[in-house]
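Chemist: Listed below, chain by chain, are the residues.
There are 2 protein chains.
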Amino acid sequence: MVAVRPAPSARRRVVVEALAPEVDGGAFPAKRVIGDRVLVSCDLVCDGHDAVAGTLLYRGPRDSTWRSLPLARIDGDRFGASFVASELGVWGVAVRACVDTYGTWRAGTQRKLDAGQDVELDLAGGALLLRAAAERCGPDRGAASALEDAAAALGMKDVPQAERFARATAAAIAGAASRYPDLADATTSDERRVVVDPPRARFSAWYEMFPRSAGPAGRHGTLRDCMARLPYVASMGFDVLYLPPIHPIGRSFRKGRNNAASSEGHDVGSPWAIGSPEGGHKAVHPELGTLDDLRALVREARAAGIEVAIDIAFQASPDHPYVKEHPEWFRHRSDGSIQSAENPPKKYEDVYPFDFECDAWEALWAELASIFLFWCEQGLRVFRVDNPHTKPLAFWQWCLAEVKTAYPDAIFLAEAFTRSTLMVALAKRGFTQSYTYFTWRHSKGELTTYMTELARSPIADFYRPNFWPNTPDILPEALQFGGRAMFVQRLVLAATLSSNFGVYGPPFELMETQARGGSEEYIDSEKYELRAWDLDRTDSLRDLIALVNGIRRAHPALQDNRITFHPTDGDAILAFSKRSEDGASVVLVAVNLDAHHTRAATIELDLDAMGVGPDEVFQVHDVLADVRTRWQGRRAYVEIDPGVLPAAIFVVHRRVRTEHDFDYFS
Amino acid sequence: MVAVRPAPSARRRVVVEALAPEVDGGAFPAKRVIGDRVLVSCDLVCDGHDAVAGTLLYRGPRDSTWRSLPLARIDGDRFGASFVASELGVWGVAVRACVDTYGTWRAGTQRKLDAGQDVELDLAGGALLLRAAAERCGPDRGAASALEDAAAALGMKDVPQAERFARATAAAIAGAASRYPDLADATTSDERRVVVDPPRARFSAWYEMFPRSAGPAGRHGTLRDCMARLPYVASMGFDVLYLPPIHPIGRSFRKGRNNAASSEGHDVGSPWAIGSPEGGHKAVHPELGTLDDLRALVREARAAGIEVAIDIAFQASPDHPYVKEHPEWFRHRSDGSIQSAENPPKKYEDVYPFDFECDAWEALWAELASIFLFWCEQGLRVFRVDNPHTKPLAFWQWCLAEVKTAYPDAIFLAEAFTRSTLMVALAKRGFTQSYTYFTWRHSKGELTTYMTELARSPIADFYRPNFWPNTPDILPEALQFGGRAMFVQRLVLAATLSSNFGVYGPPFELMETQARGGSEEYIDSEKYELRAWDLDRTDSLRDLIALVNGIRRAHPALQDNRITFHPTDGDAILAFSKRSEDGASVVLVAVNLDAHHTRAATIELDLDAMGVGPDEVFQVHDVLADVRTRWQGRRAYVEIDPGVLPAAIFVVHRRVRTEHDFDYFS
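These protein sequence lines map, in sequence, to chains A and B.
Each number in the working numbering corresponds to the 1-based position in the first sequence with 193 added.
Each number in the working numbering corresponds to the 1-based position in the second sequence with 193 added.
Hints are computed from structural coordinates only; laboratory data are not their basis.
Misleading hints may appear alongside valid ones.
What the hints assert, rightly or not - Below, in silico cross-link-like pairs of lysine to aspartate or glutamate (EDC-like), each with a Cα-Cα straight-line distance of 20 Å or less:
1) A:K540 with B:E313
2) A:K305 with B:D307
3) B:K305 with A:E535
4) A:K350 with B:E535
5) A:K539 with B:E535
6) B:K539 with A:E542
7) B:K540 with A:D243
8) A:K540 with A:D579
9) A:K305 with B:E535
10) A:K305 with B:D528
11) B:K305 with A:E313
12) B:K540 with A:E313
13) B:K540 with A:D307
14) A:K475 with A:D460
15) A:K539 with B:E542
16) B:K539 with A:D486
17) B:K539 with A:D311
18) A:K540 with B:D311
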């Protein structure tokens, strides 16, 4: 009557549910950094009350076989195990689980013994289990004979039942039984991937600057000038130095100062109009120097703890060698001319986009991937990718994986300011870090909502935000009109809300506020001309930036995005805390979002999130102002004068009691 | 240098994300009922700013090809389309999407025209697009020639550009272009399944009763007696009459009254000890009647709007014919005896569990599935499944699908009171409805948290709760000591929180409160003996139950689980509202959870959720007490005396203005 045969997996009684980490059911990898303890957890659900046993299977990028660890119960049906991601690259994880027949037998028999019931038949059943386990021991003869002996002993009716049971459940026997489970009806989950990146993928401080302005006033700056600037950048505590495109700049339709439609002879043009007879994406702009200069800069920066990042913008000026050599890589209009970039009715005649869908797309894609590989060969590992959202998602998924296979330490920052769906889709497909809307999020509600969204699973498993208060394209209104307090506020917010942040300097530390009328664009932008900056100005934020970056380095809580927002009364004071995974580092940040007036609030502390007891006295050390005070209980009053400092970064110290009953704060 | 070829899907620029409904990435079907408008939605994410076009592909259980509907933009990148589930069974849905080249061209050219730019080249590009579309028209020569003519017209340089553009973007041309898109690089999502059940799957009122007690006092009740009881059950408004197992009852180790370990000759035994020489799971207990009687009961009940549900308990008494005929279906102890049910140290010697993992499992599983099919052949369609959580998940997934393939109108209620992970796993694998923890959820916090969890996606897409205030196994403490007000409170909560609910009667409507000392078990339970009930007692809740079921039927808001909880001050008053999908039916329920004292609260109404404007005057009609009043604004004061009625069920009426300016409440 019932004709269809049950599926072959029908006897697999344990099902694996809610496996984590997991992005879109395994379609995309989760991201971690090297040295992380990767916790893999899942529900192991089985009918009835039998014991279940699970194994974490995992393999590193170069492993040909699985390594394994027993899963331990976390709570209820939730199990987990963790391993240290000791190598860069793509790891695989899976979970295997089955009914633990030995554990089920042991627990049931124990309960019967406790109730004083006869267990002779149960002991006989146990002997069968142990003999079956012995047969699975293979070459491990020690385990096999221990199991066989225990099985035989279960049958010695002259020995009291409890004694026989105790022998069959001794640690050695239980261990051997659990090492050789019956896997015939085990369930194995699909494999999930975890990409392991270098630490800077999660914790980094970026400084963007135009090499063209690194020289003395009046002369085009060079990569050698950038080398001279390294101590300055290092002194502020940055660890990524990001340079806008360093390639030869086209002449056709070159933009003039302030983005004028036409340029004059001495105008330097936009670095994003890439390519000239001197070369394209694999060449260095002659005015900046040579490939040798770049390699030297990368080496010297690395010696100072700084990675150089270059900007990869996949577009060509009309003078790019590709245009002549590979016209098939561009879109042609019906009159045969090449289609320049446009966002109707706006036209960008100095730039040709690549046609990622052209008939020769495979050659084009391969060439573009080779650009990353070329710069990796020169020693670079960090790339800021310009406008990735205007190139196909499938291209990035393929291209970034290709580069990471050869250079697993490569880092890609996606400069996509677009719809959040697209920003998220790019991050899933391999970008290491992503620009965000932070630049335009200013109110307490906006910041809380946005950061909460970013810090939540599964987004947090693959989207690593990088917060920028300003960029060469964006001088937000708040910075135009908020004064010094606003600059400091935005610095502290970017650097403490997000473990990755960056600023565009020197305009940031020199608090440049002049925009082109009514816009968010810098006036006299370095994008189109050389600028000279007085780095030694006494009002520079340089020292404060150094202080903030130093605080980030000293406190692991700020090196990740586990965050808790604490309610405050009113809209002016934002309060949030972070706590390192091991709980040892706890930082509470309070920011007065009003740049002009002293504001006060009572913070309703989430003491649990801070690892502090309800009645515990603890010390908070505002490491920005270097002031210490003691707090107790859920309510903390703060009053912040933005004219002095618009924020407090409280490091939380708990009382430690020594053996001599002398107590101090950790 | 880059050797690996990009994947063939690399030119598919549109990706489909966050497809809904979707359970575990498509591993399990979502559930709907017949007549539902099924909304399928997703993010269509594409690089850049090109227009995208998507199609919903769907097919009914008997369709061999896809039907299709255009996806419409909901908001941002979110798109959706809906169809009416017009047939029972498993539907398939998928989404196909690609770049809308015509739409992109139209929008861009329009913006250029608006800006007064020359679009001659754009018009030429449009002509190419239209000609390509014409070539895809196949046999639709009308569309092909319309597209070709429009393409030709785009080239008529003596006609103004705007005029040519207008012709090429006329509705007929746009329609033809969108009907024949270029699907070469379209993305198609994996297929997702939607199970379409009968309406009772989502909206049902169950009445459980023991046929053995349906006769006159002193005589064993029969199925014929149950027929005589139908008008009583129908008068209370129930639409499912659920009978505990109706099969022959074993004699070996038969339990006595009050679950005594041994029975006397006249003891009737537990109906869950299934099987005797008279037959097993496909037989009717001779004391209850015959198969013919059952078929007659099913027919007569259906005529009264009631479906009969029987209890399927997959276990056997030692006297079950299976034990002799198929000893291989049971677990054997080492002495050759069959292992009876146990939960150490407890033993249930009157019951043998089936060994779902035995060597003959395929024959066993097929036989068990055939039991459902047998009863379906007798006309039954609703099954309450006993303890499904002690049988393998894989068995249910296979078995329920087998039965639903033959009888897509079958309904299965899972009686699993166990870990929530397992209850959820069973629901995913095909149970139509599920028992819940409602029976033990009493406080405002508990009820709010639990119902919110159940009503949330994706749980709500596959887990249909059925709320029971009592069962033959559970007389909760609240009902033992809360008095009449508590019975009414639990009735109203079960019947209005959840669209599916049930009671075990007559003990429910007669407010039976006697438990075996300190337990939640009924004393003198019908599970082990015949009982006589005085259904005409004047204090019976019968009329109130009829009123509540009538309210449920009259107001579609109560026929689904879209729910909003409204804050109230204090812990005594729980307030929630429901609103039908079309917004026409809105019901607000307020319950005094304190069964002993009058309590009052201010409800902070979520007017948005009720479809009422912030300053609107609206009428609330408490259909339980039949009292009408008018409210306005967010704050509503209620005072509820449990001695009168512990709850109010407010039907919300908005003011309607007629054309003669006469207004009334809808």
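Chemist: Please go over all the hints and tell whether each is borne out by the structure.
Modeler: Going down the list of hints, with the structure as the test:
no., hint, verdict
1, A:K540 with B:E313, "15 Å, holds"
2, A:K305 with B:D307, "86 Å, violated"
3, B:K305 with A:E535, "10 Å, holds"
4, A:K350 with B:E535, "24 Å, violated"
5, A:K539 with B:E535, "78 Å, violated"
6, B:K539 with A:E542, "84 Å, violated"
7, B:K540 with A:D243, "16 Å, holds"
8, A:K540 with A:D579, "18 Å, holds"
9, A:K305 with B:E535, "10 Å, holds"
10, A:K305 with B:D528, "18 Å, holds"
11, B:K305 with A:E313, "90 Å, violated"
12, B:K540 with A:E313, "16 Å, holds"
13, B:K540 with A:D307, "14 Å, holds"
14, A:K475 with A:D460, "23 Å, violated"
15, A:K539 with B:E542, "84 Å, violated"
16, B:K539 with A:D486, "81 Å, violated"
17, B:K539 with A:D311, "13 Å, holds"
18, A:K540 with B:D311, "12 Å, holds"
The structure is inconsistent with the numbered hints 2, 4, 5, 6, 11, 14, 15 and 16, although it conforms to all the rest.
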